[in-house]
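What follows is the residue order along each chain.
2 protein chains.
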Amino acid sequence: MENETQSFEAIVNNNLSGRDLEEFNRIHFGRKDNLEVKLKDSSLAAAKDADFEIAAYAFPAKKEETRPPRIVKVGVIQHSIAVPTDRPVIEQKKAIFEKVRKMIDVAGQEGVNIICFQELWNMPFAFCTREKQPWCEFAESAEDGPTTRFLSELAAKYAMVFVSSILERDENHSDILWNTAVIISDTGSVIGKHRKNHIPRVGDFNESNYYMEGNTGHPVFATRYGKIAVNICFGRHHVLNWMMFGLNGAEIVFNPSATIAAEAGSEYMWNIEARNAAITNCYYTAAINRVGWEEFPNEFTSADGKPAHKDIGLFYGSSYFTAPDGVRCPGLSRTRDGLLISVMDLNKNRQIKDRRCYYMTQRLDMYVNSLSKVLELDYKPQVVYENEK
Amino acid sequence: MENETQSFEAIVNNNLSGRDLEEFNRIHFGRKDNLEVKLKDSSLAAAKDADFEIAAYAFPAKKEETRPPRIVKVGVIQHSIAVPTDRPVIEQKKAIFEKVRKMIDVAGQEGVNIICFQELWNMPFAFCTREKQPWCEFAESAEDGPTTRFLSELAAKYAMVFVSSILERDENHSDILWNTAVIISDTGSVIGKHRKNHIPRVGDFNESNYYMEGNTGHPVFATRYGKIAVNICFGRHHVLNWMMFGLNGAEIVFNPSATIAAEAGSEYMWNIEARNAAITNCYYTAAINRVGWEEFPNEFTSADGKPAHKDIGLFYGSSYFTAPDGVRCPGLSRTRDGLLISVMDLNKNRQIKDRRCYYMTQRLDMYVNSLSKVLELDYKPQVVYENEK
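As given, the protein sequences belong to chains E and S, one line each in that order. Start counting the first sequence at 300; every next residue gets the next number (the working numbering). Start counting the second sequence at 300; every next residue gets the next number (the working numbering).
Keep in mind the hints are simulated off the structure, nothing from the lab.
As the list makes no split between identical chains, a pair holds if one copy fits it or if it spans any two.
The calculated DSS-like cross-link candidates involving lysine-lysine, where the alpha carbons are at most 25 Å apart (straight line), are:
hint : residue 1 : residue 2
1    : K652      : K605
2    : K347      : K456
3    : K372      : K337
4    : K331      : K361
5    : K679      : K652
6    : K339      : K456
7    : K605      : K362
8    : K393      : K456
9    : K609      : K431
10   : K372      : K361
11   : K347      : K337
12   : K362      : K372
Just need the whole structure built from these sequences, with the hints factored in.
Now the structure itself:
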């Protein structure tokens, strides 16, 4: 880890200052001042003890005459696995629970209302191995599996909503597996679940070997703190996935992810996609990535001509929030566990919608018409040739 | 101008070096080395003489067994207006022609195959005034107006394709105006035109006072050098506009724009949207912005509570290219005229499509179904409430 860049933000802050730093922040993040929010001393101490990063930023909105502000504290947690992947499944899961519980406790002390974890946060991201055992044994019921039970208790304790991405085993439908986000309400009950709509077939992300495209549409969950939705990992490359959550009224869309820095990886796109989604859909987004290396017991190949190996490369963390105007906060580190908090006024969504009119100028009728034509097997693209006339 | 930041890239290059710069470039631009392409001494001298910036970068692709490389040189030109806006319309237009001709000549010497200009490149961006006269007099025929004639001659001379965004007067349909991109082929003839699909109603961009939503669909133009399309300015906020060009087979999509840095401006989104479009649609994009200040004869207000004034703020230039994998090159300056050249292998598009499978995993049938429901007046969004069960 000592050779890894700590973060994009660290490079910038270690080298820039004064007007250069202000201009960089204005052009890159969208504002000169990141509006850092002060945290409790006890939170800073607890984070130091448990060796995780903690930071908080504000996204205020304008005062309105007819609505009070709707301030929500939203947290994202990125973390590495807790014990080696050759340990028993139950031990691996419990070790992650133990580590993450400390981070949730700090979030609870800070009054965080909603927390989202990275994709499949309770297990190593083992699909690169293409092995079914023991990894499928991490799957559990969305409604009453050990992970949901673990979070339900903490949800009720802290009146906290959780977005929990897990490998789901659907016993009521022939034992099949899904990549599922479970939404646990502030009372501790399960509000509902959403299954990943777009499944990757890219490099080491052989996920289509493990589960199929989701069948839950684009649900928005009306929580006590706002309307939220989940665009799981690979769905961030799919603009229509983001769009449908917006059309269903989402105010915050989480993108729990597992993505790597390695050659041909996604790191340079990480600032682009969740941020573009916030802009075009006028809602808050949160992009959450795993962190660290995960070494597996057996070697595997990556279909890139290179020798077999036992790890997929660095999950680069860098989780961050974007406001509906496209302004983002600095991200968490590339290498450390972290809790990032955003103090956001949800009134901002409608203010931006009113200002920019992206929905009104969307011309959805034209696109429904055009896209339905594209679906026809004999679709003839609209191509203009020079000598056509 | 002397108080303006020259460019985002200048801030970075003036302050970072060694591994920090490499890591910055890798995480931000997508590669450690920007693959700058050497230009002719005569081009550099001509650019110096005429006081414009010039730069070139390569986007290579992998060698294939069954297709030869398809290398295309694509240029974008950003420029300020050439004489004050109170000069006669014809004089203003001619002065821009004269200035831009020098830039085209250099592009011709460099063997550039396709050039795209900024939005409404042959006139000041006067819609902030809300005045109809004299600005509507800049409108002309797409097929044989003075601007098309000016470019046709240069197109034939240099075997160059032009993407020319103009204010179009449609005399065959009741004299109405359109915001139109004209595609002029390497032979000098007009291949076709595309009219801006999404019209802004934001701040000083009162464009809906001047012209209506385009009626030309999403044409892709099969030029000698590749299939190209144009997403005009405000359309860059609309992901479906980008998407339809991709579904129609575009290999390069140009985004000629006019957008400002002022408070609540777009500058921090400039790196996001055209780049996201390249990623999600697996094609090259070029984002081209006007540059400089444009002062108008009469004062106008900006509906922001501030006093009347005569200019809209800085058009920040910063034009750039993105490859289908999301890697981008450094942008042109924020304040100077410039010619940016990209030496791109169009084979890269299909290579990225094959690798990432974004089109295959798109689930267009699901979205056509969902979006058509959204169009219903009594649409009920998919919202899940806690006590629903």
